[in-house]
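**Student:** Residues per chain, in single letters:
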Amino acid sequence: MDDILEILIQDARKSPAEIAEMTGKSEKEVADAIADYEKKGTILKYRAVLNPEHIAETDGAVRAWIEVSITPQRGAGFDSIAERIYKFSEVKNCYLLSGGFDLLLLVEGHSLQEVAGFVSQKLSTLENVTATSTHFMLKVYKENGDVFQNTEKSERLAISL
Amino acid sequence: MNKNKLHKISTLVDELPPSGIRAFFDLVLGMDDVISLGVGEPDFVTPWHICEAAVFALEKGYTSYTSNRGLKSLLEQIAIFIKKERNIIYNPENEILVTVGVSEAMDLVMRAILDSGDEVIVPEPCYVSYIPTVKLAGGNPVILETWELPGFKVTAESIEKLITPKTRAVVLNYPSNPTGASYTKKELESIAEVIKRNDVLLISDEIYDHLSYDIPHIAMPTLPEMKERTVYLNGFSKGHAMTGFRIGYACGPEKIISAMTKIHQYTMLCAPIVSQMAAIEALKNGMPEVKKMAREYNRRRRLLVAGLNDCGLKCHLPEGAFYAFASVESTGMTGMEFATKLLQQEKVAVVPGEAFGSGGGKFIRLAYAASLSDIEEAVRRIKRFVKK
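These protein sequence lines map, in sequence, to chains A and B. Quick note: the first sequence, position 20, residue 432 per our numbering, numbers continuous. Quick note: the second sequence, position 229, residue 230 per our numbering, numbers continuous.
Among the hints, a few may not be true.
Using C-beta positions, here's what the derived DEER-type ranges look like [to be verified]:
| id | chain 1 | residue 1 | chain 2 | residue 2 | range |
| --- | --- | --- | --- | --- | --- |
| 1 | A | Glu439 | B | Lys186 | 30 to 36 Å |
| 2 | B | Trp49 | A | Asn505 | 22 to 28 Å |
| 3 | B | Gln345 | A | Leu550 | 44 to 50 Å |
With a straight-line cut-off of 27 Å between C-alpha atoms, the simulated DSSO-like cross-links for lysine-lysine are [stated by the list, open to error]:
| id | chain 1 | residue 1 | chain 2 | residue 2 |
| --- | --- | --- | --- | --- |
| 4 | A | Lys565 | A | Lys551 |
| 5 | A | Lys554 | B | Lys292 |
| 6 | B | Lys384 | A | Lys426 |
| 7 | B | Lys292 | A | Lys565 |
| 8 | A | Lys440 | B | Lys293 |
| 9 | B | Lys315 | A | Lys440 |
The hints are simulated quantities; they were obtained by calculation from the structure and are not laboratory data. Please read all numbers here as calculations on a predicted model, not as lab measurements. From the three backbone atoms N, C-alpha and C, an ideal C-beta is built for every residue, glycine too.
Hey, can you work out the whole structure from these sequences and the hints?
**Tutor:** Set out below in structure tokens:
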């Protein structure tokens, strides 16, 4: 992967000037490359990574993984039914998988009831949905490469040769 | 009881200077909340797949001695790895020895080859153990000063000037601790010429070889006729971030490796088996993580060096390792004064150049094996400090 992208993935707030210093490129080269990535849609957006547990504490947010079995539609396969499902704002992630079920959703709500309500009233009632299985998330250890707990780190000597 | 007699230390050891610069070290270690650019090891924790292999080894009951030279499977993996990565061909049966880090390997080679009074040419600035290991083996270190040479690089001429009939070996470390200097193929070839012409041995410490950013690393034994004249030292501490595992290896002519093994057998017996098992995993599957860490160091390197030059501390862009060796001459302070005051006033730890040789008074060593945010904050503080 390009150095610029690798740096931005770690810290999207790094300025072109800082990235230029780290990569040995000129500030303009970096700014142009970023603009190009944005234009091409390689970089879709920049956002903060939040600790979901902290959000849960303040907002009472609840997340669940839901396995969904569906009957594919003639001509459209899984895509059109997947689209009907992922357009719900409660659905944060949606994947088509091989194996015992078809779609895997990450659904977010403000309470257990809200997520349960979404499953029973909106999801299960869709014509092509044949079964669902809901797993409420209890604790996040690691997400997108970030570890969400304070792990003990061994002390390095502050000075060594 | 005559305590003077009872606790008398050998003259040889008694006359060795204490390691590094003890007082300054104690000052740093006694202080809290220091941003440290003073370390000689990666800030990364050993990649998990390697740690996991070590845990698995323990679970399986790998807690015994191994053969003196190391586990057969490790010796074979080392041979495969250096062939693939560096195109060096060594026979795992008699040309490789697994050691407790390069430090042990360096000690072994000196003891294996030196007779009392033999000379070893050691470039300065250099890693702190080289000169004491030569002395402990009864040899005489001959200092090759590179303080004023471009990029702190050893040149063929500078070596040749110091060669005498007593010269047994030349030590070369690249990329270098503390300067980060490395060598192009052409530069290495000219050094090799001197080595060949004078029939001396080259002890090549290439522990930082995977952290080479601008120059493709060329291993000394791959140059024509150099394999039989080189003892090649490498290990896992730096590239694989495995300092605490204490594991490395030496490759060289069968006769020398066999002599080193003899000493190793009596003094160390073998390298710890758990570390050997971890090293096998590192060799088999470790390169993607090594490359990832190297890319990260490279960014930090540019950031730190640009920052230092910006502060008026002249510093060339080091080709490798994870050190910047900056001149503090513009501040009117010595390396030691600079490091001490910087620590006291701004709580940033760096190593005074004096630690790497008596000519180091103009310099400090800064390690960029620290997080980007620590490097950025350290540079801000150094800037403030220099302006005062």
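**Student:** If a hint holds in the structure, say so; if it does not, say that too.
**Tutor:** For each hint, the structure was consulted:
no.: 1; hint: A:Glu439 - B:Lys186: 30 to 36 Å; result: 33 Å, holds
no.: 2; hint: B:Trp49 - A:Asn505: 22 to 28 Å; result: 25 Å, holds
no.: 3; hint: B:Gln345 - A:Leu550: 44 to 50 Å; result: 49 Å, holds
no.: 4; hint: A:Lys565 - A:Lys551; result: 21 Å, holds
no.: 5; hint: A:Lys554 - B:Lys292; result: 23 Å, holds
no.: 6; hint: B:Lys384 - A:Lys426; result: 20 Å, holds
no.: 7; hint: B:Lys292 - A:Lys565; result: 23 Å, holds
no.: 8; hint: A:Lys440 - B:Lys293; result: 26 Å, holds
no.: 9; hint: B:Lys315 - A:Lys440; result: 26 Å, holds
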